[in-house]
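J.: Protein sequence lines correspond, in order, to chains F and D.
Read in this note's numbering, the first sequence has 154 at position 154, and its numbers run on one by one without any break.
Read in this note's numbering, the second sequence has 321 at position 321, and its numbers run on one by one without any break.
No wet-lab data here; the hints were simulated from the structure.
A few of these clues could be false.
What the hints assert, rightly or not - From chain D, some residues computed to sit far from chain F (all C-beta separations above 10 Å):
id, residue
1, Asn-64
2, Phe-155
3, Pro-156
4, Asp-165
5, Gly-166
6, Val-229
7, Asn-235
8, Ala-249
9, Phe-284
10, Gly-286
11, Ile-292
12, Ser-295
Unchecked claim - Far from chain F, by Cβ distances over 10 Å, these chain D residues were calculated:
id, residue
13, Asp-29
14, Pro-38
15, Ile-151
16, Leu-159
17, Thr-170
18, Leu-241
19, Leu-261
20, Trp-288
21, Val-302
Said to hold, decoys possible - One-sided and incomplete, this derived list gives chain D residues near chain F with beta-carbon spacing under 8 Å:
id, residue
22, Ile-153
23, His-231
24, Leu-233
25, Gln-269
Just so you know, these numbers come straight off a predicted model, no measurement behind them.
All C-beta atoms in this analysis are idealised placements derived from N, C-alpha and C, irrespective of residue type, glycine included.
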Amino acid sequence: MTAFIIRRLLQSVFVMLVVALVAFLMFNYVGDPVNQMVGIDTSFAQREHLRQELGLNDPTLVQFARFVGHAVRGDFGLSYQHKRPVADLFKERLPATLELSLVAALFSLLVGIPMGVYTGLKPDGWLSRIFMAFSLVGVSLPTFLIGILLIFVFSVILGWLPSYGRGTVVAIGGWTTGLLTVSGLKALLMPAVTLGLFQLTLIMRLVRSEMLEVLRTDYIKFARARGLTDRAINFGHALKNTLVPVMTITGLQIGSIIAFAIITETVFQWPGMGLMFLQAIQNVDIPIMSAYLILVAFFFVVINLIVDILYYVVDPRLRVDTAKANGHA
Amino acid sequence: MPRPDTETAAPAAPARHTTNFLHRLADSDIFYSFRHSPVTVAAAIVTLLIIFGAVAAPWIAPQNPFDMASLDLLDAHTPPSWEADGNPKYLLGTDDQGRDLLSAILYGSRISLMVGFFSVLFSMAVGVSLGVVSGYVGGFVDALIMRIAEIQISFPAILIALLIDGVLRTLIPEAKSEQLADTVLIFSIGISGWVQYARTVRSSTLVERGREYVQAARVIGIHPLMIMVRHILPNVMGPVLVIGTIHLAVAIITEATLSFLGVGIPPTQPSLGTLIRIGNDYLFSGEWWITIFPSIALASLVLAVNLLGDWMRDALNPKLR
Chain F
1 MTAFIIRRLL
11 QSVFVMLVVA
21 LVAFLMFNYV
31 GDPVNQMVGI
41 DTSFAQREHL
51 RQELGLNDPT
61 LVQFARFVGH
71 AVRGDFGLSY
81 QHKRPVADLF
91 KERLPATLEL
101 SLVAALFSLL
111 VGIPMGVYTG
121 LKPDGWLSRI
131 FMAFSLVGVS
141 LPTFLIGILL
151 IFVFSVILGW
161 LPSYGRGTVV
171 AIGGWTTGLL
181 TVSGLKALLM
191 PAVTLGLFQL
201 TLIMRLVRSE
211 MLEVLRTDYI
221 KFARARGLTD
231 RAINFGHALK
241 NTLVPVMTIT
251 GLQIGSIIAF
261 AIITETVFQW
271 PGMGLMFLQA
281 IQNVDIPIMS
291 AYLILVAFFF
301 VVINLIVDIL
311 YYVVDPRLRV
321 DTAKANGHA
Chain D
1 MPRPDTETAA
11 PAAPARHTTN
21 FLHRLADSDI
31 FYSFRHSPVT
41 VAAAIVTLLI
51 IFGAVAAPWI
61 APQNPFDMAS
71 LDLLDAHTPP
81 SWEADGNPKY
91 LLGTDDQGRD
101 LLSAILYGSR
111 ISLMVGFFSV
121 LFSMAVGVSL
131 GVVSGYVGGF
141 VDALIMRIAE
151 IQISFPAILI
161 ALLIDGVLRT
171 LIPEAKSEQL
181 ADTVLIFSIG
191 ISGWVQYART
201 VRSSTLVERG
211 REYVQAARVI
221 GIHPLMIMVR
231 HILPNVMGPV
241 LVIGTIHLAV
251 AIITEATLSF
261 LGVGIPPTQP
271 SLGTLIRIGN
281 DYLFSGEWWI
291 TIFPSIALAS
301 LVLAVNLLGD
311 WMRDALNPKL
321 R
């Protein structure tokens, strides 16, 4: 167990270093940082002085070490476009993205699991067929298309919901939230559904197939023979055993929710990190791009690590058979 | 010498071969399962129609939307022909530059399909070669490739495509970025999808490597590269084609998404995603058709390809029969 976690930790550190290297190379070799900072009338001597001062003449390895040192402390320099520290920009936008992602994840779980259980228990019911057809559409349609269609129906035709922004937000400490105002909640509704829909269909299909599989096992037959109520069998025994893979997938999907937030935030002009990152790509704002790269990689690595460990803790079979755990990981 | 014989027989052989093949196809389980799944037949028809429309666009489209000279700005924002202000010349209306939407969609699906297709080919080439090498050579090379694959698969493909695309765009000088846009996209989407091919091919290669024909080839001293290409490769390609079909839908979605986000195909030669992006700006002024028609085209294409891929996976998987 300890060996497993240490191996995983080392791997995570390695991933972070690789990502940091990519970010560093981008930072240092895409364009000349000195040119980005000074005007045309700066003399060559002044440029050289600045170059020396910024440490750009040091060996690459030293520069990389310095870059990592700064990154660990959350210092990514100034944004070319906003002329402000990148860390501050991210701090401002982090709440918007996290709030959106969290609500989307909750939505997909709270709707996806019951739908999956229902379609698993009644695979031939007409409602199940509708759910399955719906899930196919959910898997096939690109996220941005779902967003546009929602905007078209609920903002343009019906005029019920706002199509962009976060509405009124309340600041609590350093955190801004739209969950406490009516306009904030209204603004959150469509982006959260758009972002959560793909995960919802995924979770629903997963729960369904797991339920179908579990319901065929001997211990369920035995539980029926013992005369337990359907309720106790379906929810106490069957559902409980479907939740391990659901947990893993959900954990892994939190990462992809944050990634897909780039798309949703663009469609709804949601003032989060994803939108900022996309604008940074369009404006070649390297500091923001490399900071986002590192931040997202960090989220992913941490989530993957937690999921791996949880997987290990929850499923006792893996603790006995380590070889199998490696295969799954 | 049997050579003259084969030469005279040669012209007849392919024909007989084809009819034979068609007969075998018609009798096969796969065709049976195809015929008895109306959804799949419908999906195949839709896919073929779109591919036909895309390929034949220069001949069947009413207008060439890339030819700036044929565009008339006065015709911009014309609604579909059945609406009150519609012009019968433009069946589905026009966009903000006076492009006929039907033509733009036909040409747009051409670009979407092309980028999707080449991205899949590129992914396949990278993934299959790395997979064969990984499985055949083993050892350190295998560990390295599989570690990279493991790391990459923990990030969503669309994020990787977006990052590579973003970095490449910063590297390319502005003047060339429009010309190279599709190459950059194909490269980014291609790189984001190789892992699945590599993993599948690696595991089949591991099986094939132990077979007698490979050992025999090794014993008579054939170069390892030759063994990989000539002997192992043909035997591991089966599942790759199934992955390819499913991947095509993903690649088309990724292309559309990147173009929609404004980091894909530029508006001068719009793909379906770019068209949707253009139309999105006019959604609120009541000009819904600029967005909705390309969206319908994209959704039907992706849905149809997905359904075909799903069917193919099930039909070729003997466990599910």
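J.: Which of the listed hints are broken here?
T.: Hints 2, 3, 4, 5, 8, 9, 10, 11, 12, 15, 16, 17, 19, 20, 21, 22, 23, 24 and 25 not satisfied by this model.
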